[in-house]
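S.K.: If you want the building blocks of each chain, they are given just below.
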Amino acid sequence: MGKENLVKIAQLSCGSVYSGIQQEIEMAAGMVDAEIIYPEITIDDVKVVQEEFGLQVASPDLRLMMARAKALVDGKVRADAVLIATCFRCAEGALVRNEIRRYIHENSKLPVISYSFTERTTAATLLTRLEALTTTARRRSLLAREHQEGLTAGIDSGSTTTKAVIMKDDKVVGTGWVPTVKVMESATEALDNAMKEAGITRDDIQALGVTGYGRFLIGEEFKASLIQEEITVNSKGAVYLAGFQKGQATVIDIGGMDNKAISVQDGIPGMFTMGGICAGASGRFLEMTAKRLGVDITELGALAVKGMRENVEMNSYCIVFGIQSLVNSLAKGSSADDVAAAACFSVVEQVFMQQLQEVEVKEPLIMVGGSALIAGVPRAMEKLLQIKVTVPPYAQYIGAVGAALLASGFINK
Amino acid sequence: MVKVFIYPSNSLILSDLVDRFGHEPLAMMQEIGKNIRTAGLDSPPINITPEDPKRGLKYAAVEVPAGVRGRMSLLGPLLEEAEAGIIVKEPDISFGCMGCARTNELINFLVRAKKIPLLELNYPNTEEDAKTFVYRIREFLDGLSASGTGKGDE
Numbered sequence: 237m238g239k240e241n242l243v244k245i246a247q248l249s250c251g252s253v254y255s256g257i258q259q260e261i262e263m264a265a266g267m268v269d270a271e272i273i274y275p276e277i278t279i280d281d282v283k284v285v286q287e288e289f290g291l292q293v294a295s296p297d298l299r300l301m302m303a304r305a306k307a308l309v310d311g312k313v314r315a316d317a318v319l320i321a322t323c324f325r326c327a328e329g330a331l332v333r334n335e336i337r338r339y340i341h342e343n344s345k346l347p348v349i350s351y352s353f354t355e356r357t358t359a360a361t362l363l364t365r366l367e368a369l370t371t372t373a374r375r376r377s378l379l380a381r382e383h384q385e386g387l388t389a390g391i392d393s394g395s396t397t398t399k400a401v402i403m404k405d406d407k408v409v410g411t412g413w414v415p416t417v418k419v420m421e422s423a424t425e426a427l428d429n430a431m432k433e434a435g436i437t438r439d440d441i442q443a444l445g446v447t448g449y450g451r452f453l454i455g456e457e458f459k460a461s462l463i464q465e466e467i468t469v470n471s472k473g474a475v476y477l478a479g480f481q482k483g484q485a486t487v488i489d490i491g492g493m494d495n496k497a498i499s500v501q502d503g504i505p506g507m508f509t510m511g512g513i514c515a516g517a518s519g520r521f522l523e524m525t526a527k528r529l530g531v532d533i534t535e536l537g538a539l540a541v542k543g544m545r546e547n548v549e550m551n552s553y554c555i556v557f558g559i560q561s562l563v564n565s566l567a568k569g570s571s572a573d574d575v576a577a578a579a580c581f582s583v584v585e586q587v588f589m590q591q592l593q594e595v596e597v598k599e600p601l602i603m604v605g606g607s608a609l610i611a612g613v614p615r616a617m618e619k620l621l622q623i624k625v626t627v628p629p630y631a632q633y634i635g636a637v638g639a640a641l642l643a644s645g646f647i648n649k
Numbered sequence: 003m004v005k006v007f008i009y010p011s012n013s014l015i016l017s018d019l020v021d022r023f024g025h026e027p028l029a030m031m032q033e034i035g036k037n038i039r040t041a042g043l044d045s046p047p048i049n050i051t052p053e054d055p056k057r058g059l060k061y062a063a064v065e066v067p068a069g070v071r072g073r074m075s076l077l078g079p080l081l082e083e084a085e086a087g088i089i090v091k092e093p094d095i096s097f098g099c100m101g102c103a104r105t106n107e108l109i110n111f112l113v114r115a116k117k118i119p120l121l122e123l124n125y126p127n128t129e130e131d132a133k134t135f136v137y138r139i140r141e142f143l144d145g146l147s148a149s150g151t152g153k154g155d156e
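Sequences listed follow chains G and V, in order. Residue numbers for the first sequence, in this note's numbering: 237 to 649. Residue numbers for the second sequence, in this note's numbering: 3 to 156.
A portion of the hints provided could be inaccurate.
[Claimed, not checked] Stretch by stretch, here's where chain V covers chain G in the computed footprint (C-beta under 8 Å, at least three residues):
hint : region
1    : 240-254
2    : 456-462
3    : 468-474
[To be verified] One side of the interface only, derived from the structure: several residues of chain G facing chain V at Cβ under 10 Å:
hint : residue
4    : Q258
5    : V282
6    : L291
7    : A294
8    : S295
9    : D297
10   : C323
11   : T357
To be clear, the hints were calculated from the coordinates, so they are not data collected in a lab. For clarity, every value in this text was computed on a predicted model and none was experimentally measured. Think of the CB as a built atom: it goes at the ideal place given N, C-alpha and C, for glycine as much as any other residue.
Please work from the sequences and hints to get the whole structure.
M.R.: Shown next, in the form of structure tokens:
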């Protein structure tokens, strides 16, 4: 990453020092050319803040957080972005974290990221989050873009698949979708396919945006106008495709390797979680299920919609034991439909337990990524959360569309 | 001389009073000081090391927030050493930061459970209260010496 304008991130936190992760936060900030600052306040500010906030809490450090948030909103302290962090598992901390995030969001234009940490939180875990935060601070005007203009391309170099789109005047005119094998070769192939479909050549493309795991490599090789992490790009792409650019939304992307749950306001990400340690909660699990059932992944959704997940006993969400449960069920005579339904439900349930507990789920809920096209997955999410789930067109190209949309801000620059 | 655990555990006033009246205060500052002065830490000054929340498991289970366990890794050993304790109830934040309410609940409980001589006082809000506050602390600390509490008693 090249040197960029220094972004001042105000840290509002409780427990980060005593959890032993403060140096990790500062290290991650350094990697994205940001500086962590602690808004100064007086003791009197802390004394009165509970009354002003209307939230009475027992922990003085949480009161300090509220006073610091107020200092930011009142403009007593200058910052470009805000990081709110409290200990994972602290209920009082979670309440304050949410309320402060909402308060800053409603009363200032500062981008906010909130995070609940454990003692195992590392700089690497925080990096994408702080990258998203600093990009939001640096490129707020770019993220306000609601229309795609000219002829632009977007490439999403994901861990499992590489997607490319060509867009022209708010329309997708070409798509490419290939498995990620070698990052550069797959990106080239996906882009070639998209250009072929659109009937254009590389010279016609006015601006290119890239995102995903391979973004730095392909961004450099293709001389992209925009190289951006997937949180901001996917948020923007999701609300753009679903037609919810204004107001709040929740975006869920169950990917091949990791999942993202993002709380979005006016197309700008607020809270989000990225999970990816457990393959049992990812698209990979669905791929393995399809393989075991002897169907193509594209057919799994239709099977799942017909099936009853209650007919299958799943004791574990682990990719190993979960598949074992499904195999056992098949051996006992369960139908492929029921097994497909159980697999979809188990993925969704794990996303709910591991990630949605940390993100405020607000309607509309937009599901994106290839897994959203497996009909059983959004269906299971609707049943679990009891809210309607929107799957926009081109859901599997979300990152590439977001990148093409944002890249159009670089035309003629 | 008796080892006296104080709450708020980083109160300079309490620490000073215990010291002035001839006993050894067990305060957070000395523990953080050890960490900061320990050679070999990557980027001093840091209050605790990433290892500390793991050590804190001795005092609080894994489902307890990491910040509580990190604090307990510093305060727990002090509680083990404590031969007497002074708890100031509902102190002002400027009297000594007691950041995490969950840690405070736990350490107050552990001090009480230890069945050592314990003085519990309300935080003084007037000058008159403050005089009584200091007097009662002195009385308690003098009593510790007279009753022979503590292994290291003079």
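S.K.: Run every hint past the structure and note whether it holds.
M.R.: Outcome of the hint check:
Only residues whose beta carbon comes within less than 8 Å of a beta carbon in chain V count, and the region 240-254 of chain G has 5; three or more means the coverage holds. A count of 0 residues in the region 456-462 of chain G with a Cβ less than 8 Å from any Cβ of chain V is obtained; the coverage claim is therefore unmet, three being the minimum. Residues of the region 468-474 of chain G lying with their CB closer than 8 Å to a CB of chain V number 0, which falls below the three-residue condition for coverage. For Q258 (chain G), the interface hint holds, the least distance from its beta-carbon to any beta-carbon of chain V being 7 Å, beneath 10 Å.
Interface hint at V282 (chain G): satisfied, since its Cβ lies 6 Å from the closest Cβ of chain V, which is below the 10 Å cut-off. Annotation: interface hint on L291 (chain G) violated; nearest CB of chain V at approximately 14 Å, more than 10 Å. Below 10 Å, beta-carbon pairs count as interface contacts, and A294 (chain G) has one with chain V at about 3 Å; its hint therefore holds. Taken as an interface hint, S295 (chain G) checks out: its beta carbon lies about 4 Å from the nearest beta carbon of chain V, inside 10 Å.
The restraint placing D297 (chain G) at the interface with chain V holds, with a minimum CB-CB distance near 4 Å, inside the 10 Å limit. The beta carbon of C323 (chain G) is positioned within 10 Å of a beta carbon in chain V (closest approach about 3 Å), and the interface hint is therefore held. Checking T357 (chain G) against chain V: minimum C-beta separation of about 8 Å stays under 10 Å; hint holds.
Figure legend: structure checked against the earlier numbered hints; hints not met, in rising order: 2, 3 and 6.
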